[in-house]
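Quick note: the sequence shown uses the UniProt record's numbering, first residue 1, plus one each step.
The hints are simulated quantities; they were obtained by calculation from the structure and are not laboratory data.
Misleading hints may appear alongside valid ones.
To be verified - Subject to a maximum C-alpha distance of 30 Å in a straight line, what follows is the list of computed DSS-like cross-link-like pairs (lysine-lysine):
| # | residue 1 | residue 2 |
| --- | --- | --- |
| 1 | Lys-83 | Lys-138 |
| 2 | Lys-138 | Lys-100 |
| 3 | Lys-53 | Lys-92 |
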Amino acid sequence: MKTKLIKTLGFSLLGLVLLVFIGFVEKKGAERKFSEMSVQVKGIADVYFVDEKEILDNLKAEFQMLSPGRALSEIDFQQVELKVESHPFVKKAEVYGDMKGNIWVEIQQHQPMARIVRPMAADGYISTEGQILPTSPKYTTRVLILEGDFAEELLEADDLSIDYQDLLGLVEFIFQDPFWNAQITSLEIDNKGDIKMHQQVGNQVIEFGDAEDIAEKFEKISLFYDEIIPSKGWNAYSRVNVKYKDQIICE
């Protein structure tokens, strides 16, 4: 009985200590003063569309509360996150404070995997999630080019993963393969969705057809590289048609 009473008193005392500690931490947290803000952008090779200094300057201009000595409890971190995520190339932002009064802004960028080119209007990028992104007046990046009548229509969509899944699948296939990503420079797409590919090495136009049976068609292009070019030479043909099942037509 005495042992049980001691245990009960011990647990009660421990609970009281925890409550006091939690209260102390919350009080200290409420008293924390803003010291400085740091912006960190998660790096992606050859992607520099989100500038840390620009983000920091915009936040300081937008939120007057971001001044040294201001209580952290007065700063709405969610509103700061929403402001950062309004940048078209910011995929996700996380804003938090530390025990020293510093505010950290961690940013994940959208990654472009293709650029839609229009001769008479502004271009746009396609992100790895299929979202349409604007171009930047400050930076550009080397990615697959999409051009032609049908390609221009893509800029009217916000998300290609909804209505253009086949074409998005083709762009992803090229982007994710190191060889094809380096070799295929542009897709010319007519108003019927018929695709012609242009290469980094080789003058042949690859007539791909629609964005279906992607892996099978690329196997035929690989066969052309591995078996036909070594025997016929790079300049023997000006066009290679892989759009028909089980056929490679070289002319």
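Original post:
Checked against the structure, which of the hints given earlier come out wrong?
Top reply: 2
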